[in-house]
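Build the full structure now, drawing on both the sequences and the hints.
Each protein sequence line maps, in turn, to chains A and B. Be aware that the first sequence starts at 0, since it is given in numbering that gives the first Met the number 0, and climbs by one per residue. Be aware that the second sequence starts at 0, since it is given in numbering that gives the first Met the number 0, and climbs by one per residue.
Careful, some of the hints might be misleading.
[Stated by the list, open to error] Covered stretches of chain A (in silico footprint by chain B; criterion: 3 or more residues with CB under 8 Å from a CB of chain B, positions within the stretch not fixed):
{"no.": "1", "stretch": "35 to 45"}
{"no.": "2", "stretch": "281 to 292"}
[Said to hold, decoys possible] In silico EDC-like cross-links for lysine to aspartate or glutamate, where the CA-CA straight-line distance does not exceed 20 Å:
{"no.": "3", "chain 1": "B", "residue 1": "K319", "chain 2": "A", "residue 2": "E303"}
{"no.": "4", "chain 1": "A", "residue 1": "K2", "chain 2": "A", "residue 2": "E59"}
{"no.": "5", "chain 1": "B", "residue 1": "K50", "chain 2": "A", "residue 2": "E59"}
{"no.": "6", "chain 1": "B", "residue 1": "K2", "chain 2": "A", "residue 2": "E303"}
{"no.": "7", "chain 1": "B", "residue 1": "K50", "chain 2": "B", "residue 2": "D10"}
[What the hints assert, rightly or not] Which residues of chain B face chain A? A partial, calculated answer using Cβ under 10 Å:
{"no.": "8", "residue": "A46"}
{"no.": "9", "residue": "G86"}
{"no.": "10", "residue": "L132"}
{"no.": "11", "residue": "C282"}
{"no.": "12", "residue": "G288"}
{"no.": "13", "residue": "M290"}
{"no.": "14", "residue": "Y312"}
{"no.": "15", "residue": "K317"}
{"no.": "16", "residue": "L349"}
{"no.": "17", "residue": "T350"}
Rather than coming from a laboratory, the hints here were simulated on the basis of the structure. Glycine included, every Cβ here is placed at the ideal spot set by N, Cα and C.
There are 2 protein chains.
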Amino acid sequence: MTKASVCTIGDEILIGQIVDTNSSHIARALNSLGIQVGKMVSIADDAVQIKGCLEAELQENNIVVCTGGLGPTKDDITKDTLARMSGATGWVESEIQKDIIRRILASRGLDALEINLRQALVPNTCDVIPNQLGTAPVMVFRFPEGRFGHPAVLYSLPGVPYEALGALPDVLEDIRQHFGLGAIVHRTMMTFGIAESALAKLIEPWESALPEDMHLAYLPNPVTGVRLRLSVYGADDSAPERISAQFALLKPVLGDYIYAMEDTCLEAVIGALLRGSGQTLSCAESCTGGMISHLITTVSGSSEYYLGSVTSYHPDVKAKVLGVDPAIIESDGIVSAAVAGAMARGVRALTGSTYSVATTGWADAYGDEREPAGTVWVGVDGPAGTRTARFNFRNDRKRNIERFAASALNELRKYIISVK
Amino acid sequence: MTKASVCTIGDEILIGQIVDTNSSHIARALNSLGIQVGKMVSIADDAVQIKGCLEAELQENNIVVCTGGLGPTKDDITKDTLARMSGATGWVESEIQKDIIRRILASRGLDALEINLRQALVPNTCDVIPNQLGTAPVMVFRFPEGRFGHPAVLYSLPGVPYEALGALPDVLEDIRQHFGLGAIVHRTMMTFGIAESALAKLIEPWESALPEDMHLAYLPNPVTGVRLRLSVYGADDSAPERISAQFALLKPVLGDYIYAMEDTCLEAVIGALLRGSGQTLSCAESCTGGMISHLITTVSGSSEYYLGSVTSYHPDVKAKVLGVDPAIIESDGIVSAAVAGAMARGVRALTGSTYSVATTGWADAYGDEREPAGTVWVGVDGPAGTRTARFNFRNDRKRNIERFAASALNELRKYIISVK
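Now the structure itself:
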């Protein structure tokens, strides 16, 4: 069984200046190949530590992925250390990476200096996977079996997160080929509105009846819901169809909880529903403070259907800008179906959008006499009138806001589907 | 020198389902005591791995802080492992934690069951620091010098981030007392609008002239700017004043770049300027999609002065809701001083706020004929009329949005100060 370890190098991690997100992305990427990560280590930009850590991990694993410690201002500590570790006898220049370096610097209006081009130099003991998003290439060190007692490969990636992420597909392909992993087929379906434990109970009979070669993974997330991933390792051409057939069996079981038969998120599904339709969307937020708007705008092409939002943090703004009748706030309470509905209708009238979604809730640890802490009322307005729904969560403020926003997006999604 | 290591336990970390933020917080907390973290490790909920990892780290460090692996559904793997590692001969019940467990469950409308109260049981080899925010107490294992060759203490914290964070002050106090660290005094000042390297150059003479016992740390952050922290370890009563005197020397050097003489953030400084003043704030966002509104609303008590925002993602909404003259968009371009100013005036008129801040920019990798990618125009409106400012950053979309929002907040801050 292929074992892997992730090592993130950087003083900035150890002083808690940045949070290490690379490990998380790399682990998910390796998992998609059926490779488990047994340990994640973060260490300093220190030659002795780097050597010690990487060698220890290469002793225990077939694959070690490390990030960081590369770059002109880091004195190339990692690169020099890896050169020595791998017994390099010289340096090789990657022409491809040199071109990339020139291109990147030119796009910033700079000439490529010696100090920049030097990043294209690698030890003559590694393979290079070009880094299209930055100046430091990915280096692949393949250690012979005698060195660590088993075949072991070390992938050295840049530390900058979006460069490391950008390199992952090529790294995965290299692993797939060199470890003879064969074809791996995944299919993912998305659910929302049901907790992982309840979901597991519902699909237990189905899960027990899965074919031997299919592996199920539960991947819950407060904002995207619970993702179900079925994987076949060493797959043949029949795998995609077989997996789809298995997922189809879940439709009568899970019904409305399913929102997509691919790896996506609620805001992207809403985008797919609205794109090209000529229909538009607006939102009215309160305690969610801009989060729903933020999520909608993360979808590429959302400017086609998303008009904008009003965050009415103060009750007066609910009245003044959204036209919510203060008498309703008085009679029903600020967190209520009536106010959520009025906010949705208000922003829809203000922007002229086809659909609108609104939230009003208590995200903090306090509520009022009518509604307890953690309650949100969601309102959706559109061609079929106003609909409202209530949710209550018992998390901290930040998590409640995420869940309020996600619940609102799901109600909007269901509304749009019901109208089409 | 006191060495520390952080160990985060949890399968969910290794499968990349969650990002480990605990390590980052713990490192910063330890740093505030002058203790450096040499390594951060994430491992599985596995007794053998936990024992192996913790013992290895206790061999190399005086302090090991571990999080996770506690809780009724985790089969108490960590607790059992620690009991065996420490040679416990029995279990002790923490009455304080039992009370907390009952209180927490009652607040969720639940009775405390046996499975919940069992979390108050700890090995008879540890001290307990009660966890006020959750059910699992913090356990402190003090190993005698003979065990690892030096005094070593292991702090076992809950894995849930906000519980771990909540426990840190008490953990730090325990460390401070037991490691005889004496008083440690920090003072922090905040700067914005100058890069770390440029800042370092400006204050280099001052830094070289600092007294021997004062240590300077640069803590840059794209949203809060560069933080400067001066620390004195083993401080006496004169330390706070001495540090303040040193910082005062920087005022003529850094001038306008300084926005606070304490550890804070732009949105909190704005909050402090507006709280109790009766003055109010609104914002009009475009490409920042809700981020400015979100930042403003993270400040406790912001509902006192923050009225709300309009996110005008579509140009029509800039016209329809904010009253921006389409002719201006035509003549000056959508990303321009004129549009930023008009948006600020528009939302100010719409909400009736005292001040308003607006952004219009190109956060992605494309711009237009007038303004390149990464450009934002910020508009601020208020009693002294409209002011605009332009910034250009060359980061990815996400980072550009953060910097646009922060720059907007800083312009707003400077405006408010100039008017008072």
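Cross-check of the supplied hints:
Counting residues of the stretch 35 to 45 of chain A whose beta carbon lies closer than 8 Å to any beta carbon of chain B gives 9, which meets the minimum of three for the stated coverage. Requiring three or more residues with a Cβ within less than 8 Å of a Cβ of chain B, the coverage given for the stretch 281 to 292 of chain A holds, as 7 such residues are present. Distance restraint check for B:K319 and A:E303: the Cα-Cα separation of roughly 17 Å lies within the 20 Å cut-off, and the hinted pair is therefore satisfied. With a C-alpha separation of about 8 Å, the suggested pair A:K2 and A:E59 falls inside the 20 Å cut-off, and the hint holds.
Between B:K50 and A:E59, the direct Cα distance comes to roughly 17 Å. Compliance with the 20 Å bound is thereby established for this hinted pair. For the hint linking B:K2 to A:E303, the alpha-carbon distance of about 55 Å lies beyond 20 Å, and the restraint is violated. Under the criterion of a C-alpha separation no larger than 20 Å, the hint pairing B:K50 with B:D10 is consistent with the structure, at around 15 Å. With 10 Å as the threshold, the beta carbon of B:A46 stays out of range of chain A, its nearest partner Cβ sitting at about 14 Å, so the hint is violated.
Among the interface hints, the one on B:G86 is violated; its C-beta lies about 26 Å from the nearest C-beta in chain A, farther than the 10 Å criterion. A hinted interface residue such as B:L132 counts as satisfied when its beta carbon comes closer than 10 Å to some beta carbon of chain A; here the least separation is about 9 Å, so the hint holds. At its closest, the beta carbon of B:C282 sits 9 Å from a beta carbon of chain A; the interface hint therefore holds under the 10 Å criterion. For B:G288, the interface hint holds, the least distance from its beta-carbon to any beta-carbon of chain A being 4 Å, beneath 10 Å.
Because the beta carbon of B:M290 sits about 6 Å from the nearest beta carbon in chain A, less than 10 Å, this interface hint is met. Satisfaction of the interface hint for B:Y312 is found here, the shortest Cβ-Cβ separation to chain A being roughly 4 Å, below the 10 Å cut-off. The interface hint given for B:K317 holds, since its Cβ lies 8 Å from the closest Cβ of chain A, which is under the 10 Å cut-off. At a threshold of 10 Å, the smallest CB-CB gap from B:L349 to chain A is about 6 Å, leaving the interface hint in force.
Hint status for B:T350 relative to chain A: holds, with the closest Cβ pair at about 6 Å, below 10 Å.
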